[in-house]
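S.K.: These two chains come separately, so use the hints to put the complex back together.
Chains as they are written, first to last, in the working numbering: chain D, 15 to 275; chain L, 16 to 331.
Keep in mind that a hint or two might mislead.
As the list claims (entries may be wrong) - Cβ-Cβ distance ranges computed for the label pairs, FRET-style:
{"id": "1", "chain 1": "L", "residue 1": "A51", "chain 2": "D", "residue 2": "E205", "range": "31 to 37 Å"}
{"id": "2", "chain 1": "L", "residue 1": "R224", "chain 2": "D", "residue 2": "A150", "range": "23 to 29 Å"}
{"id": "3", "chain 1": "L", "residue 1": "R123", "chain 2": "D", "residue 2": "E205", "range": "24 to 30 Å"}
{"id": "4", "chain 1": "D", "residue 1": "K142", "chain 2": "L", "residue 2": "N119", "range": "49 to 55 Å"}
{"id": "5", "chain 1": "D", "residue 1": "S38", "chain 2": "L", "residue 2": "I159", "range": "43 to 49 Å"}
{"id": "6", "chain 1": "L", "residue 1": "I159", "chain 2": "D", "residue 2": "A201", "range": "55 to 61 Å"}
{"id": "7", "chain 1": "L", "residue 1": "D205", "chain 2": "D", "residue 2": "L275", "range": "40 to 46 Å"}
Hints are computed from structural coordinates only; laboratory data are not their basis. A virtual CB, placed ideally from N, CA and C, is assigned to each residue, including glycine.
So the chains spell out like this:
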Amino acid sequence: MSAQQIEALETMVRARGVRKSYGSTEVLKGIDIDVMSGDVMCIIGPSGSGKSTFLRCINHLETIDGGWLEVNGHLVGYRRKGDKLHEMRPSEVAAQRRDIGMVFQRFNLFPHMTVLQNVCHAPVLVRKESRSSARAHARELLDRVGLADKAERYPSQLSGGQQQRVAIARALAMRPPLMLFDEPTSALDPELVGEVLDVMKGLARDGMTMVVVTHEMGFAREVASSVVFMDDGVVVEAGSPDQVIGAPQHARTRAFLSKVL
Amino acid sequence: MSTMTTTPRTIRSDGAMGDARDLEVVPLRHWGRWVAALLVGVFAAAFAVSLMNNPNLEWATVGDYLTKEFVLKGVAVTLMLTAVAMVIGTLGGVGIAIMRLSGNPVLRWSAWLFVWFFRGTPLLVQIIFWGFLAALYQRIQLGIPFTGWHLVDADTNTLVTPMVAAILALGLNEMAYAAEIVRGGIIAVDTGQDDAARALGLTGAQAMRTITLPQAMRVIVPPMGNETVTMLKSTALVSVIGGHDLLTAVQSVYAQNFKVIPLLVVAAIWYLAMTSVLSLGQYFLERRFGRGYASSSRPGVVSRWLGSRGVEGDAR
Ligand SMILES: Nc1ncnc2c1ncn2[C@@H]1O[C@H](COP(=O)(O)OP(=O)(O)OP(=O)(O)O)[C@@H](O)[C@H]1O
Ligand SMILES: [Mg+2]
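Chain L extracted, bound-state conformation (with noise of 0.2 Å):
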């Protein structure tokens, strides 16, 4: 190629090329992938078999007991806590947020204190709190303080049932967790966006709930979507209390047969179903809330699976 006489670099530069066109691109090949994947598979293969032949976690009961009644109505109280604590949580988290985010001190300071208290305290804590409020208060009295008027007024342990209990628990703890996780995302908004909203005469409420908050949910979605995994599995500390929720439901199962380990292995079978399920959601609500973003439009995992279509608004 060339003659080492005279500035080499210049000639190779201008000369490797010659007056080809046309060439095949070769991507570089990554080999390192390759032995990693097979290393892995190798090992996930053998772990898989030696689990498929354990004879401790006898496969043969845990297919009996997958679907049997008692659990599946354990699943169903399993999802029944996650959504109704989820939508405590998040309902009440979008107003504590807005209230720490207020300029009114009273409510930016009674926000705080919730969520300091909260978010301070271990949630098996308040779960044993909760179930055993009758040993704190034997009756709940709602009124006007110090007149002896009372609106409700009933024993403690007719009104906190253990299922009032696991779902106070859970939603005021989620609370807590959903208003910081909202207040980031709704700090994340540009200013100017409420500058803009309010320039076109919109109220406070009015830009904050039409403009502030879904652009947040950007934000808010993905970290959200993983404190539902969290909670779903966080419902088995309800199981402390007797909460009826699928853990309590094998426990109390194999406290008699002490068939633990395959009734573990439903019980995680059920909440890796569930979990899954819960990702593929999050994926469309994130989805949902990206359009007008210009990343949104590229196609994930998923779409790949389930046939990849377009954001609405790039199609027209």
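One chain only, chain D, in its complex shape (with noise of 0.2 Å):
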């Protein structure tokens, strides 16, 4: 194995020059990134910058209009024939997406089903899972998010921070090699935001890859291996928390965290 493979085998996400449109208005202006297994990459911007955007075409939710994303040493979405990306059929890409856990902003557990099945219901149907074995592991990850006694309750039941970590949970129960988190602590109540980064904290230390965009400076410097300021579709800044949030070098980065410190 040369070198160069085993640092592609290292590395979990690479984008290069990524490009998204929402009909003439251009969102992504060519993204470049690079996340190494075991990171924790914080990604920060102003509203409106492409955060989501960028990290919903990680795991393909969105279609990228130009440049070419990997996982894992696999393209997203797409399957190289020569000079060609071909796109790959819908269940391919449902395939892909299995091994990439997602935390969104709002949670969007299944109100219609406990905590318990929310967790246990993908492993089951989509990794064929017997229901004993999910439920066991379903019960383990509900245990390390603090939620052991909450498993027969629905959502609507829940607090915030409680329905992020069962959220957190559930995406975790595929296994995945990777999180994202979209403004995890975002919707929640100041007391609460403690708890879900808590949670994150110990799967930093777990050493889980994770990119997280995020607004809470405290949590990037603390856990983020590397940071990424965004603005406007583009990355302006990019390295170590000291960097980007201690030393910025650039005007619009000093300019956002003036509003956020």
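M.R.: As structure tokens, this is what we get:
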């Protein structure tokens, strides 16, 4: 194996020139990003800069109009034949998404299912796990996020912070090597933010590769291996938390940080 | 209480309660409601008495015919027509709704065309059309077009009996309405649900079947309950093609003995009884699909009658 191949295997997410437009407005204008296995990358930036859109491109919830994106060494949503990229069938895209966990700003728990059913649903339906092993794993994960006693509740009976922790357990149940978080604490009351961030810090300590869109600068400084500042569809600045948050080089980064810090 | 010399308002609001505790709360009395109830009760009683004493209604005859075999058979046919048409209509409607929301323009437009036609023409016309299909096509042939090969080749009148025509007419018409109701229900589900399902690796069909549709049911069930009640009464329309339903049954008897009013009262009593049972079924369906939503634990009229039980999840 050449050094190049080893490096390729250790890169969990690799984006090159990713472009995305809605109608005539270009939302992503060529994004280059590398996330190493085991890294926590925090993406920060003003509202409307394209952070959510980029995150949704990583698991192909949004199609991209230019450039390419690899997760775990596999092109997302396309297959390369010679010089051409062929669009995958929906079922193939679905299969790729199994290995990418995603946590949303508004939790998006399934309201008609209990907490346990929420967590077990995809492993049983998609990964064809047996119901009993899926349940056992789900209870383990619920314990890990501190909600072992809420397994039989419905989402509407939980606080926002508890719902978001269930959502994290639900994503982890598919045993993904990569987790995406889109502002996981923005919809929470301030006193509930900590419990969700604690779960995420635990994940980071255990070596989970994570891409986190967040406005929590404290979390970014403490946990992130790299921070990316996006504005207007481009990566303005990327580097270690100390570089980007501590000593930003660009005026736009400084202007943004002065508002959120 | 207050002397009017200084800022009386402040004194009054501070002082009205004094040091009092544990005062009895007297609910607002709704005198108007009692008066209205009394008036309605009196008029209803007077109307009931006039119905009882009206010789034209021939209550004895009504009692005789209520459980006659031809009436019960008509009731059975009406129930069967309703059930089959609703099953066809609901399943087909889900299909059409999904087609209308599909990314495939061919599916989208054919579904639109279907709804446009079957919702845009009167049900009575559709029933007559199916009933007299033989006037349009004497033989029905199913096969590969332009090759002369046929899987089915039959005389229209043997294939499309009045019963088949009735089922086709009611079922296809219901499909068009159900499609719109189901589509509304699907649209009402937050798109974040589909995002979450697909992010977990579910295929579009799996997400629709296990995440979106079950939640859409909450919106779909009440109007579909309404549709079922309407359908039950619409089956009476198939009497124009001799469909053997309840209304056809009583009509064929009063055509001979001229006891029109009593026999229509018999039919009305049965229709009322059937729609009442349907309403009860709708209540239970609504409760089933309301699981996980806060409002579903509110006791309704029926649960107060039947002795209230909480929603499963709440009890634990
Ligand atoms: N489905 C869509 N159709 C049209 N425009 C869209 C759509 N989704 C997002 N946009 C636009 O794309 C731009 C980037 O949106 P995006 O949600 O990625 O921003 P963001 O950085 O996540 O912002 P926020 O911090 O507010 O979440 C915005 O201008 C938004 O209006
Ligand atoms: Mg966003």
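S.K.: Could you work out which earlier hints the structure fails to respect and list their numbers in ascending sequence?
M.R.: 1, 3, 4, 7
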